[in-house]
Amino acid sequence: MLHLTVTELSAALSRGEFSSVELTRMFLDRINLLNPALNAYITVCEESALAAAAAADQARVRGDVRPLLGIPVAHKDIFCTRGLRTTCGSRILRDFLPPYDACVVEKLRQAGAVMLGKTNMDEFAMGSSNETSFFGKVGNPFDTGRVPGGSSGGSAAAVAAGLCPMATGTDTGGSIRQPASFCGITGFKPSYGRVSRWGMIAFASSLDQAGTLTKTAADAALMMQAMAGLDPRDSTSVDRPVEDYTGELGSSLAGLRVGVPRPHFAEGLSPGVEQGVREALAELERAGASLIDIDLPNNHLSVPAYYVVAPAEASANLSRYDGVRYGYRCEEPADLEDLYTRTRSEGFGDEVKRRILVGTYALSAGYYDAYYRKAQRIRRLIRQDFISAFEQVDVIAGPTSPHVAFPHGAKADPVEMYLEDIFTIAVNLAGLPGISIPAGFEEGMPFGLQIIGPDFGEARILNVARQFQQLTDWHKRLPVSTAGES
Amino acid sequence: MEWEAVIGLEVHVQLSTRSKLFSGTSTAFGADPNSQANIYDLAMPGTLPVLNGEALRMAVRFGLAIDAEIGRHSVFDRKNYFYPDLPKGYQTSQLDYPIVGRGSIVINLEDGSEKRIGVTRAHMEEDAGKSLHEEFADASGIDLNRAGTPLLEIVSDPDLRSAREAVAYLKKMHSIVRYLGISDGDMSQGSMRCDANVSIRRPGAELGTRTEIKNVNSFRFVEKAINFEIRRQQDVLEDGGTIIQETRLYDSVRDVTRPMRGKEVANDYRYFPEPDLLPVEIGEDLIEQIRAELPELPDARKQRFASEYGLSGYDAGVLIAAREMADYFERVAKRCGDAKLAANWVSVELQALLNRENLDIVASPVSADSLADLISRIRDKTISGKIAKTVFEQLAAGSENVDEIIERQGLRQVTDEGEIEKLVDRVIAENAAQAQQLRDGKQQVLGYLVGQAMKLSRGKANPAQVNQLLRDKLKP
Amino acid sequence: MDKSEIDKIAKLARLRVSSADANEVTARIGEILAMIDQMQAVDTEGVEPLAHPLDAVLRLRADEVTEVDHRDELLALAPASENGLYLVPKVIE
Numbered sequence: 000m001l002h003l004t005v006t007e008l009s010a011a012l013s014r015g016e017f018s019s020v021e022l023t024r025m026f027l028d029r030i031n032l033l034n035p036a037l038n039a040y041i042t043v044c045e046e047s048a049l050a051a052a053a054a055a056d057q058a059r060v061r062g063d064v065r066p067l068l069g070i071p072v073a074h075k076d077i078f079c080t081r082g083l084r085t086t087c088g089s090r091i092l093r094d095f096l097p098p099y100d101a102c103v104v105e106k107l108r109q110a111g112a113v114m115l116g117k118t119n120m121d122e123f124a125m126g127s128s129n130e131t132s133f134f135g136k137v138g139n140p141f142d143t144g145r146v147p148g149g150s151s152g153g154s155a156a157a158v159a160a161g162l163c164p165m166a167t168g169t170d171t172g173g174s175i176r177q178p179a180s181f182c183g184i185t186g187f188k189p190s191y192g193r194v195s196r197w198g199m200i201a202f203a204s205s206l207d208q209a210g211t212l213t214k215t216a217a218d219a220a221l222m223m224q225a226m227a228g229l230d231p232r233d234s235t236s237v238d239r240p241v242e243d244y245t246g247e248l249g250s251s252l253a254g255l256r257v258g259v260p261r262p263h264f265a266e267g268l269s270p271g272v273e274q275g276v277r278e279a280l281a282e283l284e285r286a287g288a289s290l291i292d293i294d295l296p297n298n299h300l301s302v303p304a305y306y307v308v309a310p311a312e313a314s315a316n317l318s319r320y321d322g323v324r325y326g327y328r329c330e331e332p333a334d335l336e337d338l339y340t341r342t343r344s345e346g347f348g349d350e351v352k353r354r355i356l357v358g359t360y361a362l363s364a365g366y367y368d369a370y371y372r373k374a375q376r377i378r379r380l381i382r383q384d385f386i387s388a389f390e391q392v393d394v395i396a397g398p399t400s401p402h403v404a405f406p407h408g409a410k411a412d413p414v415e416m417y418l419e420d421i422f423t424i425a426v427n428l429a430g431l432p433g434i435s436i437p438a439g440f441e442e443g444m445p446f447g448l449q450i451i452g453p454d455f456g457e458a459r460i461l462n463v464a465r466q467f468q469q470l471t472d473w474h475k476r477l478p479v480s481t482a483g484e485s
Numbered sequence: 000m001e002w003e004a005v006i007g008l009e010v011h012v013q014l015s016t017r018s019k020l021f022s023g024t025s026t027a028f029g030a031d032p033n034s035q036a037n038i039y040d041l042a043m044p045g046t047l048p049v050l051n052g053e054a055l056r057m058a059v060r061f062g063l064a065i066d067a068e069i070g071r072h073s074v075f076d077r078k079n080y081f082y083p084d085l086p087k088g089y090q091t092s093q094l095d096y097p098i099v100g101r102g103s104i105v106i107n108l109e110d111g112s113e114k115r116i117g118v119t120r121a122h123m124e125e126d127a128g129k130s131l132h133e134e135f136a137d138a139s140g141i142d143l144n145r146a147g148t149p150l151l152e153i154v155s156d157p158d159l160r161s162a163r164e165a166v167a168y169l170k171k172m173h174s175i176v177r178y179l180g181i182s183d184g185d186m187s188q189g190s191m192r193c194d195a196n197v198s199i200r201r202p203g204a205e206l207g208t209r210t211e212i213k214n215v216n217s218f219r220f221v222e223k224a225i226n227f228e229i230r231r232q233q234d235v236l237e238d239g240g241t242i243i244q245e246t247r248l249y250d251s252v253r254d255v256t257r258p259m260r261g262k263e264v265a266n267d268y269r270y271f272p273e274p275d276l277l278p279v280e281i282g283e284d285l286i287e288q289i290r291a292e293l294p295e296l297p298d299a300r301k302q303r304f305a306s307e308y309g310l311s312g313y314d315a316g317v318l319i320a321a322r323e324m325a326d327y328f329e330r331v332a333k334r335c336g337d338a339k340l341a342a343n344w345v346s347v348e349l350q351a352l353l354n355r356e357n358l359d360i361v362a363s364p365v366s367a368d369s370l371a372d373l374i375s376r377i378r379d380k381t382i383s384g385k386i387a388k389t390v391f392e393q394l395a396a397g398s399e400n401v402d403e404i405i406e407r408q409g410l411r412q413v414t415d416e417g418e419i420e421k422l423v424d425r426v427i428a429e430n431a432a433q434a435q436q437l438r439d440g441k442q443q444v445l446g447y448l449v450g451q452a453m454k455l456s457r458g459k460a461n462p463a464q465v466n467q468l469l470r471d472k473l474k475p
Numbered sequence: 000m001d002k003s004e005i006d007k008i009a010k011l012a013r014l015r016v017s018s019a020d021a022n023e024v025t026a027r028i029g030e031i032l033a034m035i036d037q038m039q040a041v042d043t044e045g046v047e048p049l050a051h052p053l054d055a056v057l058r059l060r061a062d063e064v065t066e067v068d069h070r071d072e073l074l075a076l077a078p079a080s081e082n083g084l085y086l087v088p089k090v091i092e
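Those protein sequences? They're chains A, B and C, same order as listed.
In terms of numbering that gives the first Met the number 0, the first sequence opens at residue 0 and continues consecutively.
In terms of numbering that gives the first Met the number 0, the second sequence opens at residue 0 and continues consecutively.
In terms of numbering that gives the first Met the number 0, the third sequence opens at residue 0 and continues consecutively.
Note that these hints are calculated values from the structure, not bench results.
Here are some chain B residues the structure puts well away from chain C; computed CB gaps all over 12 angstroms:
#1 Glu1
#2 Glu152
#3 Ile286
#4 Arg303
#5 Gly316
#6 Asp326
#7 Asn357
#8 Ser366
#9 Asp424
#10 Arg438
With a straight-line Cα cutoff of 20 angstroms, these simulated EDC-like cross-link-like pairs (lysine to aspartate or glutamate) come out:
#11 Lys10/C to Glu345/A
#12 Lys7/C to Asp267/B
#13 Lys388/B to Asp402/B
Some, not all, of what chain C presents toward chain A, calculated at C-beta under 10 angstroms:
#14 Ala12
#15 Ile31
#16 His51
Every residue gets a Cβ at the ideal spot worked out from N, C-alpha and C, and that includes glycine.
Work out the full structure, taking the sequences as your base and the hints as a guide.
Listed below in structure tokens is the structure:
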């Protein structure tokens, strides 16, 4: 039961094989059992989960048949939850009780999902390994000595280890897709503006986008159906109809043009990942797709441009944490400057401080043109690369990350860590949808195939991912340490 | 040698929207501290801005009123600095693409001349909260009710040459925003605030180093603060010193400006485009729609008052300064049919009453219609001008109907020839000596005798008739 | 970038870089800036800066009061408050 997909759980619940309360209880027990080792959750809300499950069971008796009714969900601790501690992985918000729910939280609740708790993450989503969390590192369910990826590492580990059947995440530079790749699950990042950012704690506003971590693309489609849509409270949320994601999961791949970006197969890609991804592409070809080599000539500039834009926006977004209205405040501030400086220096971790400093520098007088404006120009070049590519191809596919999950502490050098996101970051700069799906193993660790779509091509890439998952079973491989109990 | 002052003003006008610039929180003045500070206003994590369309329309309305270019593509930026009254740690403002571009305002000087002052730009931004320093011994209290209230910051060219010109500019600004209905412009409540950039130079020389005076909250203080600052700069330069570019606060109690502490760290605001908002695109249709709704503005109204009602430039200027006053005057003038008399009554008697009672024209105890009726009774000679003042006082005290007051109190002017003749005869009898003097050709006593007759009639006799009759009876 | 520049930036960002960490922080940030500086090799003359991936214009909100007073609930989140005000160390203007 613990390793069933959302689609399967939904069917079983509607057949009455078990109740939502039983299902929820089972996940809560498993969290109690495995979370001490994995540290995937920061907060678990047992009581309210069971109450919500009971309410879902009653709704079902009254004839409610919504697909997510009674399905447990875990939220990345970046989504505000009314009255439930929301930390963003930071000391500065360690006791923060938001008086409101994020739009995504609201929508999933309205769809009948049952919140189990809040998952661990890199502090303020700044990281690719979940090692920057104030609440400790997270173990990869395939090897707890390795990282789960980040920043949505807690959500990815929780889904992979069967601590929840589905979870929310956010993706600013790869923060859903890379942990999904590392944990052997499906991670979906929609187009910028498709899902409301309201109530989602900002890292880099022009890049942040909420998405899903699930076992399958079909499950992602179910979640997206509930999450997507216009939200008048978010000025960057788009006013365009939400496609029927689940309804479009049956399309054949015959005639599909798949762009294979040469720069995604350049040096630095581990041999096992390269071989596996090429086999995955061959699988798509066998299903009727054609592979077309493409160039994304400015891809190598995506990491540099991103590390200007994201820290710049973050430096302003994180100014509100000043110890005045909520959150951590230093002891006995001597004066106003001391209040600000000590609260922030004590409240933020090293990586967050580093990025605030980089962002502040990039925006400061005399450097704005050389850094911020330059990065914005490169951002346009990167987006144009994709626009040109999508004139020839329907989707773009390649590796999600150059490597499988690395051991904790293996990447102490920030720049080395940043370059891990070389295949995912450009997608955020361009605002496109992308998905990572399991595509093989190297050294016993999973890796993902990334499929990128054009603007608002959510349904298309979900379908391609779904077709791949019909043909392969990589997504069904369970971590040894946690398997065998289903 | 003479010094010339060079002054530019940054005027912050609070736009009179019901809700804040980026949130649905009320902007009403005077609420309990922090009762109008909700999650976006407090910069709670994850909250986002949504632009108030009315604030945008008001800004465009202002731009059209001063013949400015409207920013068709307008962008919000974040201006970064830390201060307790600025919850987000940045102010959402506009830098490179303001909503209003170059325009101009004509100011009216006391000698009756006019001067055109350039407006560099005007942009939308959010107001900050308030820090209260007196409430606690060792802490400052922060009230964020005002945080997020929409402001239009209007930046003038350095075209002003004296404190008086600066005040004239502010008064015109006040008049314009009130005519447009985009702000109450009340400086005492902070709805209109002014920072002044002041420098001095020898005429024709390069611009001198300027200082910025903040926190000036009345027309009078603007004048005093600028005058103080000009004198201070003169003293410094004449003593061989140099002016330091700095921000100074005006202390109205001591009538000095002093350097602002706590802002000594040179600020680097690190402006960048606000990523939580998209560019505002303003189409021709919106501009034309707003243009069509523009009211008649002070300058146009002044001209019309001069040509349509034959008022002097001065009288027209006094009447149009406040839109409500001008509306009141027009209503009186139209109803009574005598614009000059109306102008006189509104700007003298009514104004004196309002000053005495410390009332705004909209709260005038004498309605425009009543005043018009009163003037009509003067015109048709029902009452004299003098009696009219008595009736006016009774209107001011709460009576409503002019004719009822006149009838009830028997104030109607006596025009009956017989009655006036009796009155005149009595005056002649009682003042035989003076009567004789008039007969002897001493015209000076006529006034005295008329006065006696008016006194005897308690002001009701028609003075012209009394006058004529006295002349006739006491012909030399 | 040297230590004095780090100091200046840290001051702007209201962060403290302790003297013990200064070398490490300066070095790390130097490496990041060196990586970022790859951008400078590209000619971007005439390329319009892209602030936002969305090619859309701003939606406007009607001027309506939609929020109600939650002062007590919100003030309860503050580390220090009294008489309805948020408290900070005395500010001198």
